[in-house]
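Trainee: Next come the chains, spelled out residue by residue.
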Amino acid sequence: MSDHDYTPSSKVGKWFNDRLPLLTLANHLTDYPTPKNLNYWWTFGGILTFCLITQIVTGLTLAMHYIAHADMAFESVEHIMRDVNYGWLIRYIHANGASMFFLAVYIHIFRSLFYGSYKSPREIIWIIGIIIYLLMMAAAFMGYVLPWGQMSFWGATVITNLFSAIPLVGEGIVTWLWGGYSVDNPTLTRFFTLHYLIPFLILGLVVLHIWALHVPGNNNPVGIDIKKPSKDTVPFHPYIVIKDGFALLMFMIVFAFFVFYSPNILGHADNYIEANPMVTPAHIVPEWYLLPFYAILRSVPDKLLGVVAMLSAILILAVLPWLDTSKIRSAVFRPLYKQFYWILVADVLILGYMGAMPAEGLYLLIARVATAYYFLHFLVILPVLGFKEKTIPVPLSITESVLGGSPNLAAARNRESSEKLK
Amino acid sequence: MSDKKPERRDFLFTASYAVGAVGAAAVVWPLIDQMNPDASVKALASTEVDVGSVKRGNTITVLWRGKPVFIRRRTEEEIKEARSVKMEDLIHPEKDEDRAKNPEWLVMLGVCTHLGCVPLNDKGDYDGWFCPCHGSHYDTSGRIRKGPAPLNMEVPKYEFVNANTIKIG
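Quick note, the sequences are listed as chains P and R, same order.
Whatever position you read off the first sequence (first residue = 1), add 224 for our numbering.
Whatever position you read off the second sequence (first residue = 1), add 4 for our numbering.
Hints listed in this document are in silico derivations from the structure and should not be mistaken for laboratory results.
Some clues are possibly wrong.
Beta-carbon label-pair distances, calculated as ranges [claimed, not checked]:
1. R/Lys171 - P/Pro391: 31 to 37 Å
2. P/Leu249 - R/Lys8: 20 to 26 Å
3. R/Ser44 - P/His303: 24 to 30 Å
4. R/Arg87 - P/Val393: 34 to 40 Å
5. P/Gln563 - R/Glu92: 48 to 54 Å
6. P/His303 - R/Trp33: 34 to 40 Å
Partial list, computed: chain P residues near chain R (C-beta under 8 Å) [to be verified]:
7. Trp378
8. Thr381
9. Val382
10. Thr399
11. Gly404
12. Tyr405
13. Arg414
14. Thr417
15. Pro501
16. Thr504
17. Ile508
18. Arg522
19. Pro525
Ideal Cβ positions, reconstructed from N, Cα and C, are used throughout, including at glycine.
The shape of chain P in the complex, shown without the other chains:
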């Protein structure tokens, strides 16, 4: 890498860089050697950075008009929608931005699952990512409470009550979280404070996430270690910058479609009714991005175990690098894992759908089977697969896989047989 021998060309630049090596950092970021075979699934890191910045900027501007008080919050949101210049636009970007953020993060996570990006030596990147994901869920949940509508209020009630499942201290913790004997004004003001804080924590963790990434460098679709810089890499700028930029534009089209054509489709009409502690809406559903975990919570008939199952479903991801015993990273060379991967994708989608349906009859049964399979995938299938699976030989370099055609089963078999002929 050129990091260590970089010298700014101008005298002023050198003077500055000797005192604070920001230019060295900028040079590292532009020259950063990136695998040349990265596909579009790798553009979601940049897209997620865009989402975070969008949420922070729109959130700051909304906070200039929002009033965090149980008597005024609901009206202040309507004030933003009707009176504040472009308030409707900023709020719709912020509300739909949360959904877009989760859409991107789920693609980012499943990309990592497919190509084995969480495996050695990238475990710390992965774990920081999981912490970011948890903070995102906390921020999204508390943000949803702020408009103080019916879904806000009852969502907050249900989620904070999850802590009452903890034996002995549960009730005390819930009262402490509420600052009272029910969700009320003290709850709203502290949620606003934390909702404001968390994005900046995420920003800090994103810096660590990228820092940890830049130590081993990017994983890539064939999942092999590469020499850097080499024939297998291209500099981050302009190659990846342009590709990420193009993907971001495509993503923004989807984003803009939601903001301008169906800004409320991902929300619930009940949240345009002001919070009422006397009446629970007939059907409480969390936002779509939390539905799979909600389905897991409801599929366990015991209160404490349901909460434990839901939290385990998320936390199990943190130990994934050690549950997956296979040395081969990319699913491209793991014929069996590839199939189980797609079953897992289907399983999570099914859980999401069941989370939106009432917890009864056939829906409940399917949710239970899907919950069981979710844990089976991580706790049994992945550890066993690493020992049992017969993997396809991986190429020695990216260039080899490119010149040898696409790195799929047929290509690999052909190459293997042609090598034998020689």
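Given the coordinates of chain P, assemble chain R onto it according to the supplied hints.
Mentor: Below, chain R without anything else, positioned relative to chain P:
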């Protein structure tokens, strides 16, 4: 390290860390405790309710400490139904006699013990309450009979100030 005899300096280190930890905990506590219910919230601890106009078979809902409280004037059938249930059929065994000292009046927090929703009146498989959130069924004594909730709906501390007035809290 283990071979070395502890000396004066080790003692000083350990003592300093211990004092430091106590100091840090003492500083952190106010920052944690400020989130507990404050004096103004605690001051709203009791409510008096006029129940003179409640007819048999009707329920009124009042707000106490930010939570709904159901006050139901039960019919003879409902009382009979509640009192004839066998203890072994209950998930959280409690006698109706203990829950409603005056059998005509059932006073309890209208809060589902699962995740805190407000159950609906006169619904469910046991002629009592039904929680729409996750499907818990309560009987005419507000006891959990079916569904994910672990406990009966809570009976708060209350008393009849006079024939027509209940003081909750």
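Trainee: Each hint needs a verdict: does it hold in this structure or not?
Mentor: Results for each hint:
Taking 31 to 37 Å as the suggested C-beta distance range, the pair R/Lys171 and P/Pro391 conforms, at roughly 32 Å. A C-beta distance of roughly 44 Å is found between P/Leu249 and R/Lys8, which places it outside the suggested range of 20 to 26 Å. R/Ser44 and P/His303 have their C-beta atoms about 27 Å apart, which keeps the hinted 24 to 30 Å range intact. At roughly 35 Å, the beta carbons of R/Arg87 and P/Val393 sit within the given window of 34 to 40 Å.
Restraint check, P/Gln563 to R/Glu92: a C-beta distance of roughly 49 Å satisfies the suggested window 48 to 54 Å. About 39 Å separates the C-beta atoms of P/His303 and R/Trp33, a value consistent with the hinted range of 34 to 40 Å. The closest approach between the C-beta of P/Trp378 and any C-beta of chain R is roughly 7 Å, which is under the 8 Å cut-off, so the hint is satisfied. For P/Thr381, the interface hint holds, since its Cβ comes within 8 Å of a Cβ in chain R; the closest pair sits about 4 Å apart.
The interface hint given for P/Val382 is met, as the beta carbon of that residue sits about 4 Å from the closest beta carbon of chain R, less than 8 Å. Hint status for P/Thr399: holds, given a least beta-carbon distance of 6 Å to chain R, under 8 Å. Checking P/Gly404 against chain R by beta carbon gives a least distance of about 5 Å; that is within 8 Å, so the hint holds. With a cut of 8 Å, the hint placing P/Tyr405 at the interface with chain R holds, because the nearest CB-to-CB distance is about 4 Å.
Proximity of P/Arg414 to chain R holds as hinted, the smallest CB-CB distance being about 7 Å (cut-off 8 Å). Hint status for P/Thr417 relative to chain R: violated, with the closest Cβ pair at about 11 Å, above 8 Å. Because the smallest distance between the Cβ of P/Pro501 and any Cβ of chain R comes to about 6 Å, under 8 Å, the interface hint for this residue holds. The restraint placing P/Thr504 at the interface with chain R holds, with a minimum CB-CB distance near 4 Å, inside the 8 Å limit.
A least Cβ separation of about 5 Å between P/Ile508 and chain R falls short of the 8 Å threshold, and the interface hint therefore holds. Interface restraint check: P/Arg522 against chain R, minimum CB-CB distance 6 Å, threshold 8 Å, status holds. Proximity of P/Pro525 to chain R holds as hinted, the smallest CB-CB distance being about 6 Å (cut-off 8 Å).
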